[in-house]
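There are 2 protein chains.
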Amino acid sequence: MASTVDAIYEDLIKRVKEVSVLGSCAGVLGWDEQTYMPKGGAAHRAEQHALLAGLIHERIVDPAIEALLNRVEDTEFVAEAHSVAAVNVREIRREYDRMVKLPRSLVEELARVTTLAQQAWREAREKSDFEHFRPHLEKVLELKRQEAAALNTGGTAYDTLLDEYEMGETTENLTRVFSVLRDELVELVGAIQDSGRHSDVSILQREYPVADQEAFGKAAAEQIGFNFGAGRLDETVHPFCSGLGPGDTRITTRYDPHFFSQAFFGILHEAGHGLYAQGLNTEHYGTPMGDAVSLGIHESQSRMWENFVGRGQAFWDHFFPKAQKAFPDALRDVSQDDFYRAMNHVELSFIRVEADEATYNLHILLRFEMEQALIDGDLPAADVPGVWNETFEKYFGLQVPDDAQGCLQDIHWSFGGIGYFPTYTLGNLYAAQFFEQAREDLGDLDAQFARGEFSPLRDWLTEKIYRQGMRYPPGKLAEMITGRPLSHVPLVDHLKARFGPLYGIHA
Amino acid sequence: MASTVDAIYEDLIKRVKEVSVLGSCAGVLGWDEQTYMPKGGAAHRAEQHALLAGLIHERIVDPAIEALLNRVEDTEFVAEAHSVAAVNVREIRREYDRMVKLPRSLVEELARVTTLAQQAWREAREKSDFEHFRPHLEKVLELKRQEAAALNTGGTAYDTLLDEYEMGETTENLTRVFSVLRDELVELVGAIQDSGRHSDVSILQREYPVADQEAFGKAAAEQIGFNFGAGRLDETVHPFCSGLGPGDTRITTRYDPHFFSQAFFGILHEAGHGLYAQGLNTEHYGTPMGDAVSLGIHESQSRMWENFVGRGQAFWDHFFPKAQKAFPDALRDVSQDDFYRAMNHVELSFIRVEADEATYNLHILLRFEMEQALIDGDLPAADVPGVWNETFEKYFGLQVPDDAQGCLQDIHWSFGGIGYFPTYTLGNLYAAQFFEQAREDLGDLDAQFARGEFSPLRDWLTEKIYRQGMRYPPGKLAEMITGRPLSHVPLVDHLKARFGPLYGIHA
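Sequence lines, in order, name chains A and B.
Basically my numbering = 1-based index in the first sequence + 127.
Basically my numbering = 1-based index in the second sequence + 127.
A portion of the hints provided could be inaccurate.
Any copy, or any two copies together, can satisfy a pair, since identical chains are not distinguished.
[Stated by the list, open to error] When the alpha-carbon atoms are kept at most 27 Å apart in a straight line, the in silico DSSO-like pairs for lysine-lysine are as follows: (1) K603 - K144; (2) K266 - K228; (3) K166 - K144; (4) K141 - K266; (5) K266 - K254; (6) K166 - K266; (7) K254 - K345; (8) K141 - K166; (9) K345 - K452; (10) K345 - K591; (11) K144 - K266.
None of these hints come from the bench; they were simulated from the model.
So here's chain A without its partners, still in its complex pose (with noise of 0.2 Å):
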């Protein structure tokens, strides 16, 4: 008998796996038209995404997966609740009972609408015209609000979509969290502000070349343990990290020749993202086991090779004699610590991936609660650039100079990312618990970072997090590492223990 359930589940990954594959395809297709593809090939490459999105859809609703669910479903052999084929066939259960309220004809259009917003996103986004984009966006959260509708989780639609990107996670508690989180947030910006403490930020404006700027970003994610020999770095207009499956990883920046910040942080960003996809287990490729967990989870691995290493003291202990040899006219005449204030420089600002740490959770505060308006369809489409400046300028006292720096900043809406955004701050969240945990665990990491040494921490994530895939759901999974549920403290603890030195804040 037990033969017998082995057989069925290997046939269920299997087929699982095929679709896993057939996903990648697509996924080469999305990283090539954000990368190389010619703007000619927009209306053709919309027709593949619908083709494969399809052809996914079918493959995951097949009743033939159903089957082979009943017959393997509270068997002895997915008795041990996070055993290996008990997460497996508990998330592809998942996935089935989600996929199979949506139509075909929903998920191809899906694929093939925000395929063509992302485009005229970008060359909207390049005019700076809304209208350009408005048409795009308005099928796109049509769409959505069909999709919401089909999946009801149970919740508001928002709810419903949110639980997409972060399985288990609500509007109520976030908003909660992200509530006390604002407050803290003003207080520390307010208080940054009072202090009338001003960093020489044009240290980082001077002139980096390019070619210097990619050489040194190669280096640095390199050495953070990002694996070249399996992935590569490109320039795309919006920076972004693509898991194509085993031994393919590949992530992007953007440069500008008079800012080093932008490309670097960006390079140990999208390598954070990259670490992750690197360290899933490649055994399980294709199933729940080898997949990340949420993108919650996902984007506290950024953010923590971003900020809490990469905007760090120690980091630049080891790197900053490297930056001087790597753009000697720029830095020749810099001192470390001048450096390091210019990079934590914190200023209320338009561009929500320029960000620093202090303000970066308020752009996506604004966001939160725009798209929830969108989706709802209390706000129409054509009131977002309006909505979005006025609301803008209440939070960060700064009038949108146009839509390009306002509400076209970001890709997401555009490829249907609608409950997307919050992750970004939820990321932020887990990662200063993560982060406050590995140091209880590692012992002086500061002192491992000024010799070079990130393996220690690599290591460490990569057993608590990427080796686990799916294993938890994400809220659970960081509980169980930090031992604490979802908490704004860490996160204001680490601002307070950066910025408050800085600025010369005394809690």
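We have chain A; now place chain B onto it with these hints.
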């Protein structure tokens, strides 16, 4: 009744288009692995290709396709022999009958094995290490033998494989035409060597900065009509052109900063393929009427723009002043005439893709003979380097220094392209026939080229070839356009007209 057949035909076309879209996804993956895929991604890429090849096969041999074919064939709807519907139905039937003979497992295995073999070939070529490639070549040959046995078109195994690239062409016919061609070429090359005249090729071996080569090559490709809004140019080990679908045609080249011809004529060559791909009738995308007719005809386009146009005096009447501006250091003191002589220098050499027009086809003849022996099993893979070097010395009077410059120079055998090489010589022969006819139809082509006008020729090719899709078999198409069957005469005439004056040879 007519409307029923209409609907059946529409259903058939819809299914066939879907297969083409799926094939174009594999096309993107193929382009990616030649350009940007990290080495570590090869194994997973092989799985992706195997899966896509299997899905494509499954769809082509779907019994529903045959049922639809049965209901539309021999009806009034396809009575007009070369109407769009009749051509599509004829070719879909041909493809169905072919593919249904191939087991899906063989198709998948071929996709898997050739993906890995290409990667191994790249590494082997880099290290000039044939042994690294040998086991892959053996596997490829074994699978191609199985493929030929399954498809069996009635002639030899090689005939069967040839038919895949050049419908209706036979080893016998090619052997006959190639053998006369060889005699003529040997005589011409002998006369050139005996002439004692030498061009100063060092002109082309000066410093040509890669970025300037790229800009100059792109400008030239654009001027002959390649649309970069629907295409791009990248760098690869082996140059190629990939039509990924409407609006997306990509060409590649390789650069040597100390050799002008390699990248430039490579770009013209691939842009010639690109014009064909961009000139296809997008209305018929994904069906035989919107597809290129054969590799030989495709190659006639690349050869025409590279050699017949690009290595002619008139082309440089227009482009030489531009070249002098683009490469002032290299070309300031060079006359157009010396530049022209240098680029048309004839010399027996090792690398096929760098060979001049007079010796090029000798490279093909060597491969044509060897691959027949390889597929027949008369030549074991292990003996390839020895036999290659021996034959090469016999034909070229040169000792091959290493396998990278010998049997490892070409990618074709690694992707299973046995029977592919002769289409290159076919392309030269067809190009000569077409060009001769175009001169007759279009008046003074040279005067047009000298003014930088390439659209009359391009429009002529578009109408006569590109928009015809697969309406006629390639041999018939060429005969209809030029009024004569495949012949060595126009090519030999062209070569004599070009090299006679340059080397003071009189017929």
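*Mind listing which of the numbered hints don't hold for this structure, in increasing order?*
Of the numbered hints, all hold.
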